[in-house]
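Required output: the full structure, derived from the provided sequences and hints.
As you go down the protein sequences, you meet chains A and B in turn. Just so we're aligned, residue 1 is where the first sequence starts under our numbering, counting upward by one. Just so we're aligned, residue 230 is where the second sequence starts under our numbering, counting upward by one.
Any given hint might turn out to be false.
Claimed, not checked - No farther apart than 30 Å at their CA atoms in a straight line, the calculated lysine-lysine pairs in the DSBU-like style are these:
#1 A:Lys-206 with A:Lys-162
#2 A:Lys-206 with A:Lys-173
#3 B:Lys-589 with B:Lys-628
#4 B:Lys-589 with A:Lys-173
#5 A:Lys-173 with A:Lys-162
#6 B:Lys-628 with A:Lys-206
It should be emphasised that the hints constitute simulated quantities derived from the structure, not laboratory data.
One-letter residues, chain by chain:
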Amino acid sequence: MSQAELRILLVEDEPHIRRFVRSTLEAQQWTVYEADCGQRGLVEAGSRQPDLLIVDLGLPDMDGVALIRDFRHWSQAPVLVLSARSDEGDKIEALDAGADDYLTKPFGVGELLARVRALSRRHARQQETSPLLSFGDVSVDLSRREVRRGGVEVALTPMEYKLLCALLRDAGKALTHRMLMQAVWGPGHTEDSHYLRIYMSRLRQKLEQDPAQPVHFITLSGVGYRFQF
Amino acid sequence: MKPNQLPSGRRLPMGWRYGLVVIACLLITLLTAPFRDTLELANAVMLFLLVVFLVALKLGRGPAVFAAFLGVALFDFFLVPPHFTFAVSDGVYLITFAVMLAVGLLTTGLTTSLQDETERVRQHERETRGHYELARTLTGAATIAQVEEAVESYAAHQQCRVRCFWLTPARQLDTGDSELLESHLLQMAFNSQQPVRGDADAGTPPLYLPLRAPMGMRGVLAIYPQAISAQDFLAREPLFITLASLLAIAVERLHYVDVARQTEIEINAEKLRSSILAALSHDLRTPLTSLLGMADELAGRPLPEAEREAARLIRDQAGAVHRMMTNLLDMARLQAGKMQLRLEWQLYEDVISTSLQLLKPTLAAHPLTLELAPDLPLLRFDAVLIERVLCNLLENAAKYAPAGSPIRIHAYLEDGFACLAVSDAGPGIDPAHLERLFALFERGEAESSKPGVGLGLGIAKAIAEAHGGSLRLSATPGAGTTACLRLPLGTPPALLTEDEHEPG
Chain A
1 MSQAELRILL VEDEPHIRRF VRSTLEAQQW TVYEADCGQR GLVEAGSRQP
51 DLLIVDLGLP DMDGVALIRD FRHWSQAPVL VLSARSDEGD KIEALDAGAD
101 DYLTKPFGVG ELLARVRALS RRHARQQETS PLLSFGDVSV DLSRREVRRG
151 GVEVALTPME YKLLCALLRD AGKALTHRML MQAVWGPGHT EDSHYLRIYM
201 SRLRQKLEQD PAQPVHFITL SGVGYRFQF
Chain B
230 MKPNQLPSGR RLPMGWRYGL VVIACLLITL LTAPFRDTLE LANAVMLFLL
280 VVFLVALKLG RGPAVFAAFL GVALFDFFLV PPHFTFAVSD GVYLITFAVM
330 LAVGLLTTGL TTSLQDETER VRQHERETRG HYELARTLTG AATIAQVEEA
380 VESYAAHQQC RVRCFWLTPA RQLDTGDSEL LESHLLQMAF NSQQPVRGDA
430 DAGTPPLYLP LRAPMGMRGV LAIYPQAISA QDFLAREPLF ITLASLLAIA
480 VERLHYVDVA RQTEIEINAE KLRSSILAAL SHDLRTPLTS LLGMADELAG
530 RPLPEAEREA ARLIRDQAGA VHRMMTNLLD MARLQAGKMQ LRLEWQLYED
580 VISTSLQLLK PTLAAHPLTL ELAPDLPLLR FDAVLIERVL CNLLENAAKY
630 APAGSPIRIH AYLEDGFACL AVSDAGPGID PAHLERLFAL FERGEAESSK
680 PGVGLGLGIA KAIAEAHGGS LRLSATPGAG TTACLRLPLG TPPALLTEDE
730 HEPG
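Okay, here's the thing in structure tokens:
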């Protein structure tokens, strides 16, 4: 899948929001299919086989989370959630159900495009197998467990390295505190999210240009973190 | 005893009753005298005794005793030979007299005491019925006025007057316009929760009874005797105490009916408020999303610069309306106590980074300085809400400080609090206005062209207080304002070192 020819399915009941999302995406030469309700969305998803799914959580006929769960049974295509709700619990639920990222309404064109691009890039990257990754002035060699910043090796503790790997593996995806805790500390520690905050802070100190205004290790308030290249 | 409940004969004046006795005895004498030689005198004795019995039954004890003696006298005088003299020819008649008198008096005694007993039972039954009636009325009463009315009419039957003294909203006794002495006695009854007897100078003293209900004191009932003897009044004290407890329970019931009604109203209002909030937040956000998105999309099109500028303005204004709406809804939730804090142990720096990210366009015109003390511990707070606080503080700083002036964020520890301060180099605020600034909808400038409804600080303060912290403003006119969020330091959970965590 190349970014030039993305096929996107948009499931949203509000026609005006549909309209501007559609015209924004079409301006990028992407193909957009629409559905105005959950049932319709599932049918369209089955027949169109989209590269990316954009779902509003507040659908009239079914819960957006249920739709995502259903979609995940047979597709690995990235899912972007549009949430009108400010309740972080709903976003976490959607992410747990298999969504990759979310946008809180209202959102601008820039945010929308950035998320769609990031998700499609992430999907493309998953096919690659190179152990060499880089972001900012940091390069990571996964095969040699080596992290360099500006050419100088950075000493990471095993946990810090494990957390970095978990973030890199799912770069571009919104990860809840629970998911990260489980990936790094194991299933017994999913409630001790303060570890995660401390280690994330240390990673930023070591790898971000300006730790107070990070550009790679992004905090999602009340939800979790997202790593972006 | 109520007069209309007496047997009809006892309603007569005493003189009449004795007159009737004389007439009845004379009648018997007249009736039997013609046959005194042919008739057994025992029959006449029987007739006299019958009169005594009937008199005892109908006219009471005194007339009956009188009838017994009169009967013996008349019997002796007219019927026992020798006639028309009290002299007796046969000593046996003396025994007859004695027996006749004894039987007469005995009958009188038995009859009248039986009647007294019956009367007592009736009286008791009447009282019971009166209590029952009162209890029923009190149970059905829907207002305090109805309760008072029922008690007053009951007391009127007891030849008394009553007055109820209730509680003030502060749960103190409201003695109304009563005199000094009386209000003192009322207070005494209220405080001691015991009956208090009034001043005996003016006839029978009034009685002050505390109205004690299961859940607490409800007031004091004053009972003033009217046409009732001091002795009767005293005898009815248990009755009045019962009355007071009935009254107290009735008033308490009314109180809780009121509380229940009030609670129901509040629950309904709360439901309404919640559904309005939910509807507002959805129904406003949806068109705002379209508006903001469409304007943003328009601004990116190849249009003449003026039109793109207009589109950008629409977008920014839609964003401002959205922030205002979020603030309003949050304030409504906070005020309704509906805000649930999702408290987690975390660092200030996460909130600072997300706030700066969110406000990037707003803060673009100001150079930022960031100072984070190195020893900042984990704090327990709701990330989304504290982010709202910091955003509001930063927005205020950006709004009121001139473009190009620096904004400083400073996080440090002080007196057991973790402080997060935002300072600007704006015009500052008159110290006199500082506290008022927190009031809702109030802004530093009386008439301002700067956007925002002034809710921001009020919400920031409410959120800080919901976390057990505070929001402090300090300002030097002409030299800028500092707003400082202070959150209490807790005891963060232990943090195991890596070796402890993952041995090997």
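Cross-check of the supplied hints:
no.	hint	verdict
1	A:Lys-206 with A:Lys-162	holds (15 Å)
2	A:Lys-206 with A:Lys-173	holds (22 Å)
3	B:Lys-589 with B:Lys-628	holds (14 Å)
4	B:Lys-589 with A:Lys-173	holds (22 Å)
5	A:Lys-173 with A:Lys-162	holds (17 Å)
6	B:Lys-628 with A:Lys-206	violated (34 Å)
Going through the hint list in order, the structure does not satisfy hint 6, though it satisfies all others.
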